[in-house]
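A.B. asks: On the provided structure of chain A, position chain B as indicated by the hints.
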Amino acid sequence: MIAIVDYGSGNVAAIADIFKRLKLPHVITRDHAELQAADRYILPGVGAFDTTMHTLKDSGLVGLLNDEVHGQGKKIMGVCVGMQILGDSSDEGVLPGLGWIPGHIRRIDPASIDNSPKLPHMGWNSVRIKGAMPLFDSVDPERGFYFLHSYYFDAKDTESICATVEYGKELPCAVASGNVFGFQFHPEKSHSNGVAVFRNFSQI
Amino acid sequence: MLRSRIIPCLLLHQGGLVKTRQFKEPKYVGDPLNAVKIFNEKEVDELMFVDIDATAENRNPSMPLLRSLAVESRMPLCYGGGVTSAEQATKIVATGFEKVSVSSAALARPTLIKEMSEAIGSQSVVVTVDVKANRLFSGYTIYTHNGQNKHKQPLLEFCQQAVSLGAGEIVINSIDHDGQMQGYDLKLARQVRDVIDIPMTMLGGAGTVDHLQALIDTVGTVGAAAGSMFVFKGQYRAVLINYARPMRLQAQHNS
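Chains A and B supply the protein sequences, listed in that same order.
With this note's numbering as the guide, the letters of the first sequence map in order to residues 178 to 381.
With this note's numbering as the guide, the letters of the second sequence map in order to residues 9 to 263.
Chain A extracted, bound-state conformation:
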């Protein structure tokens, strides 16, 4: 069972719709028993870094997720700002992140982009996949994913970078460390490539 963590941020309905169409068991929940019963988690998130961290803390789920993800080794996948809060800290705020994947969230440097538009990075962009990453099985990197962001995950360990996107310079857009995965793009809005990522996550 995949639990979409309904802590009050992000597009839970669109993610659930994809699992529904894939006929994969899933639940949108913030209920402790349901979360403990699940074996995988999706952590959505939109908005500012601090607002998202505040909302997650206020939901009272940080301790539980820590136990399940770190204690039990269950898999979790963060999406968009749900990915950024997996890191240690952000240019966008003062609150610490969850610190599950070492790294700092940086604002994309507009000076690195020659033409207009500069920020936000908005639209479909191809990605470069690094090494063997089962979550990218049957993903077409040239077609890529839908991006909508001005900050990126500057991962501390280059080994944790699973894919990059070219925007001004090469920016990490997918990170992983053990059982923790994060995607800057919106797989729930990326048609067949996005569906493939969710299907793969349910199978790894």
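Worth flagging that the hints you see were computed from the coordinates, not collected in a lab.
In this text, all values refer to a predicted model and were calculated from it rather than measured experimentally.
This list has only true hints and no planted wrong ones.
Lysine-lysine pairs mimicking BS3-like chemistry, simulated, CA-CA at most 30 Å apart: (1) K140/B / K241/B; (2) K99/B / K197/A; (3) K197/A / K50/B; (4) K99/B / K200/A; (5) K195/B / K295/A; (6) K32/B / K160/B; (7) K234/A / K99/B; (8) K197/A / K45/B; (9) K158/B / K35/B.
C.D. replies: Coordinates of chain B only, in the frame set by chain A:
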């Protein structure tokens, strides 16, 4: 490489979808949910909905309708129409829309743009401006309320103000070119592109993929939005929901 976005723009009117010409003669073109299902299958880049009744009738966005559109949609969504506060924008994003567009409310009170960008993040704040060419001064005049009310502030000045207040995208909608299917106003596109450095989307005038390509050739990476082109087929404007990208973009999509 970041690709230009080809965006069907759908107008909500009395519960259905319509298409106008120069903001007049709304013609019924179908059911919004059905259109979302077709555009899912076509794997479109983005979809934009504008409720053309909300501001005119001074009412709030219809949240139940937005919810049903968002649940069905597997592509990025933008909503505009009747948004007047950051609280509304927050609710719309929570419903599953990536972007929220404001127009007349932001012209009346520009700080709304700042409030929205603080609430939902700049990347999700779209400012849409409806304009008509002003032949006397060879410039452009901003209009609100479906082209009924003239707005005093000069177009380029307002665009720059919107950027400085935290807009993440500017949509320029040409009233003159609306529904004409004869191509975008490229001079207008170039003028706005030259003064802002955030994403820009043009709306009004596209009738063929060549028109989309001409816009991309003129201003570079851009949002190319269209209504008529994606809901009509042939010179008699038979209703047929369809989608097409210029060849180069389609090749990258099919890679």
